[in-house]
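**Q** Assemble the whole structure, with the sequences as input and the hints as a guide.
Residue-level listing of the chains:
Number of protein chains: 2
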Amino acid sequence: MNEIRPIEWANGTLRLLDQTRLPSEEVIVEAHGYLEAVNAIKTMQVRGAPAIGVTAAYAVAMAARDLDITDKTAFMQRLEEAGVTIKAARPTAVNLMWAVDRMVGIANSESDTNSIKQRLLTEAIAMEKEDEVINRQMGDHGKDLIPEGGSVLTHCNAGALATAAFGTAVGVIRANWENGKHFSVFNTETRPFLQGARLTAWEFQKLGIPSTLVVDSAAGMLMRRGEIGCVITGADRIAANGDTANKIGTYTLAVLAKENGIPFYVAAPISTVDMSLSNGDQIEIEERSSDEVTEFRGVQIAPEGVEAYNPGFDVTPAKYVSAIITEAGIARPPFNESLNWAVNSAK
Amino acid sequence: MNEIRPIEWANGTLRLLDQTRLPSEEVIVEAHGYLEAVNAIKTMQVRGAPAIGVTAAYAVAMAARDLDITDKTAFMQRLEEAGVTIKAARPTAVNLMWAVDRMVGIANSESDTNSIKQRLLTEAIAMEKEDEVINRQMGDHGKDLIPEGGSVLTHCNAGALATAAFGTAVGVIRANWENGKHFSVFNTETRPFLQGARLTAWEFQKLGIPSTLVVDSAAGMLMRRGEIGCVITGADRIAANGDTANKIGTYTLAVLAKENGIPFYVAAPISTVDMSLSNGDQIEIEERSSDEVTEFRGVQIAPEGVEAYNPGFDVTPAKYVSAIITEAGIARPPFNESLNWAVNSAK
Numbered sequence: 004m005n006e007i008r009p010i011e012w013a014n015g016t017l018r019l020l021d022q023t024r025l026p027s028e029e030v031i032v033e034a035h036g037y038l039e040a041v042n043a044i045k046t047m048q049v050r051g052a053p054a055i056g057v058t059a060a061y062a063v064a065m066a067a068r069d070l071d072i073t074d075k076t077a078f079m080q081r082l083e084e085a086g087v088t089i090k091a092a093r094p095t096a097v098n099l100m101w102a103v104d105r106m107v108g109i110a111n112s113e114s115d116t117n118s119i120k121q122r123l124l125t126e127a128i129a130m131e132k133e134d135e136v137i138n139r140q141m142g143d144h145g146k147d148l149i150p151e152g153g154s155v156l157t158h159c160n161a162g163a164l165a166t167a168a169f170g171t172a173v174g175v176i177r178a179n180w181e182n183g184k185h186f187s188v189f190n191t192e193t194r195p196f197l198q199g200a201r202l203t204a205w206e207f208q209k210l211g212i213p214s215t216l217v218v219d220s221a222a223g224m225l226m227r228r229g230e231i232g233c234v235i236t237g238a239d240r241i242a243a244n245g246d247t248a249n250k251i252g253t254y255t256l257a258v259l260a261k262e263n264g265i266p267f268y269v270a271a272p273i274s275t276v277d278m279s280l281s282n283g284d285q286i287e288i289e290e291r292s293s294d295e296v297t298e299f300r301g302v303q304i305a306p307e308g309v310e311a312y313n314p315g316f317d318v319t320p321a322k323y324v325s326a327i328i329t330e331a332g333i334a335r336p337p338f339n340e341s342l343n344w345a346v347n348s349a350k
Numbered sequence: 004m005n006e007i008r009p010i011e012w013a014n015g016t017l018r019l020l021d022q023t024r025l026p027s028e029e030v031i032v033e034a035h036g037y038l039e040a041v042n043a044i045k046t047m048q049v050r051g052a053p054a055i056g057v058t059a060a061y062a063v064a065m066a067a068r069d070l071d072i073t074d075k076t077a078f079m080q081r082l083e084e085a086g087v088t089i090k091a092a093r094p095t096a097v098n099l100m101w102a103v104d105r106m107v108g109i110a111n112s113e114s115d116t117n118s119i120k121q122r123l124l125t126e127a128i129a130m131e132k133e134d135e136v137i138n139r140q141m142g143d144h145g146k147d148l149i150p151e152g153g154s155v156l157t158h159c160n161a162g163a164l165a166t167a168a169f170g171t172a173v174g175v176i177r178a179n180w181e182n183g184k185h186f187s188v189f190n191t192e193t194r195p196f197l198q199g200a201r202l203t204a205w206e207f208q209k210l211g212i213p214s215t216l217v218v219d220s221a222a223g224m225l226m227r228r229g230e231i232g233c234v235i236t237g238a239d240r241i242a243a244n245g246d247t248a249n250k251i252g253t254y255t256l257a258v259l260a261k262e263n264g265i266p267f268y269v270a271a272p273i274s275t276v277d278m279s280l281s282n283g284d285q286i287e288i289e290e291r292s293s294d295e296v297t298e299f300r301g302v303q304i305a306p307e308g309v310e311a312y313n314p315g316f317d318v319t320p321a322k323y324v325s326a327i328i329t330e331a332g333i334a335r336p337p338f339n340e341s342l343n344w345a346v347n348s349a350k
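Same order as they appear, the protein sequences are chains L and G.
With this note's numbering, the residue at position 64 of the first sequence is 67, and numbering never jumps.
With this note's numbering, the residue at position 280 of the second sequence is 283, and numbering never jumps.
Please note that a few of the clues may not be correct.
Since the list gives no way to pick out one identical chain from another, each pair is judged satisfied if it fits inside one copy or across any two copies.
No farther apart than 20 Å at their CA atoms in a straight line, the calculated lysine to aspartate or glutamate pairs in the EDC-like style are these [what the hints assert, rightly or not]: (1) 45 - 290; (2) 146 - 69; (3) 322 - 262; (4) 209 - 307; (5) 261 - 21; (6) 209 - 310; (7) 322 - 69; (8) 322 - 181; (9) 45 - 287; (10) 75 - 115; (11) 45 - 307; (12) 322 - 294; (13) 322 - 83; (14) 350 - 289; (15) 261 - 230.
Derived from the structure by calculation, the hints contain no laboratory data.
Predicted, not measured: the structure shown is a model, and the values here were computed from it.
**A** Listed below in structure tokens is the structure:
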């Protein structure tokens, strides 16, 4: 099977599989400099917390490469400015901030601008490879979560497209499937951007895992009827106490899961954990254009002039989360302890 | 203000405001015979439990009018066959069955076919007028439910378009507004058919009530943030114990409301109460075409060949329902008693 890889570095260019055009067209967009990479993040041509992190790492490497400055202090000042611009591309996924900080920290540790340029490119490539390794580790830790003959629901796209490869939540589902088990898979369409209908359904097709697409609001009925054995989603940012920011609608699925006695799992790399935040109320939630709600591919759905509110994410309080699957292992409540352990074991 | 009236009887023709074309176009479709009315129900040119009931009444009247039979027994046999066809147009909204049974019962009570024809047309017109009266009574009973400065969420379209006029859930919201109060209104887009984005948003615009449109999965976040003071929806069928079938996603909103300590109200005429069913598990849930999920206005969203499941309704167990607003008054738990009282008081 061809692995889905949404990000490719080739000949000094970042090549991104344009996720706004999937599944009808498989188009590559090229970012030749860091501002083009920032634009790809802003327009969601590349999306998903880990994929944004890897893209940001390449963006920092390109920003450094393209600086025509040899004085390290002046170079670092400009590189940090570029880092600020990259971090501002989207506010909720902390992997973006994490990747930029990691890259800038590494740049600081090098002695001259030439070695900074070389080292940053090496580091970005390493972070891309590392992301796949991490996702496969998460899959390995989570490969027994879905019982034979069971069923699982996922939301949005936390698949290979949201990462360098393999995926987080979809990676765990895949690992269970490759572990020889058979189970039912449901995925929500994920309005307004339809990452579930467009991207996750496409990934399950490519993986050969039979899946059933439903509108977001049908998940509750499926749970009440006993057709969902567990829920697995990704995350954009996890606070130290386990509160989890993820695609809008995740909180709803977690409440429904609790009400119906169904485990609710989050699969995310440790880079998604923001230990600087004691709880999820401090996570900035991106508000996106109301056009995503009132229009569909440029066609007006709602009456002209209707007001719409379009939060991109919501926060699921830790009390609804059964476990968080990381590359270090499966963190369980109390998350203040287990996430602290996971973060430290990854250092 | 011009009242929205989706159903008009004029010159022997049933004129329906085509709800599949709203809000971009206001087009009237004409049903000249009962099979055209059945088709309008099936294709959702007319939808909403009470509006389907009124349309079904006119359909029975047209079926009788167009029968070229004078023998009453033969006439009634054919009329009952037409009634079966009309009832089969959609399975979940009980108002359809209720209206057909009422019309056929009245036909039976007349002595000859000419008087049947006359009486059925008179009765259909009366049922249309009665529906508006009932909705205004519900509004009157519910006009103090939303506090000044509060907020309300509604789902799907339970407005004038779903009835002969005024609406059920939207009617209650309107009655609160006309009662001089100011409050925030949110409405869900209601995938897959977008009744909220297309129809309810359009009605609130026409009513001059400011409203904010959100995707279905954003309702949970709004509730958790304290931005929703109560939820009011319509219903397609209510069992004797208060279990309520309504548009897919209603159960989810009710669970979220309970979890966040928010009242969840249902507004529906007594014709929506099906006392023959002891609980909601016995309500047939319509499964609609998967194309509504995988396509948007004929454009494929999901990959070709993806399987989709598209239940049109879900059942909200009575334990999540704070009150049911009927024309007889507000029924509160235990619903076995209060609905029994409401049904008897309407007889």
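**Q** Confirm or reject each hint.
**A** Do the hints match the structure? See the list:
Taking the shortest Cα distances, residue 45 and residue 290 sit within 20 Å of each other inside one copy (12 Å), while across copies they are farther apart (38 Å). Taking CA atoms no more than 20 Å apart as the test, residue 146 paired with residue 69 passes in neither setting, with 43 Å inside one copy and 65 Å between copies. Taking the shortest Cα distances, residue 322 and residue 262 sit within 20 Å of each other both inside one copy (12 Å) and across copies (12 Å). Proximity of residue 209 and residue 307 under a CA criterion of 20 Å is satisfied inter-copy only: 12 Å between copies versus 39 Å inside one chain copy.
Proximity of residue 261 and residue 21 under a CA criterion of 20 Å is satisfied in neither setting, with 36 Å inside one chain copy and 41 Å between copies. When the C-alpha separation of residue 209 and residue 310 is checked against a cutoff of 20 Å, the pair qualifies only between copies, where the shortest distance is 14 Å, while the shortest distance within a copy is 38 Å. When the C-alpha separation of residue 322 and residue 69 is checked against a cutoff of 20 Å, the pair qualifies neither within a copy, at 47 Å, nor between copies, at 63 Å. When the C-alpha separation of residue 322 and residue 181 is checked against a cutoff of 20 Å, the pair qualifies neither within a copy, at 31 Å, nor between copies, at 41 Å.
In the homo-oligomer, the alpha carbons of residue 45 and residue 287 lie at most 20 Å apart inside one protomer (16 Å), although the nearest pairing across protomers, at 45 Å, exceeds that limit. Proximity of residue 75 to residue 115 under the C-alpha cut-off of 20 Å is restricted to the intra-copy arrangement: shortest distance 6 Å within a copy versus 102 Å between copies. Taking the closest pair of Cα atoms, residue 45 and residue 307 never come within 20 Å of each other, the shortest separation being 26 Å inside a single copy and 28 Å across copies. With identical chains, the CA atoms of residue 322 and residue 294 are never at most 20 Å apart, being 33 Å at best within one copy and 37 Å at best between copies.
Proximity of residue 322 to residue 83 under the C-alpha cut-off of 20 Å is found in neither arrangement, the shortest distances being 38 Å within a copy and 56 Å between copies. For a Cα distance limit of 20 Å, the shortest separation of residue 350 from residue 289 qualifies neither inside one copy, at 29 Å, nor across copies, at 53 Å. In this assembly of identical chains, the alpha carbons of residue 261 and residue 230 lie at most 20 Å apart only when taken from the same copy (15 Å versus 22 Å across copies).
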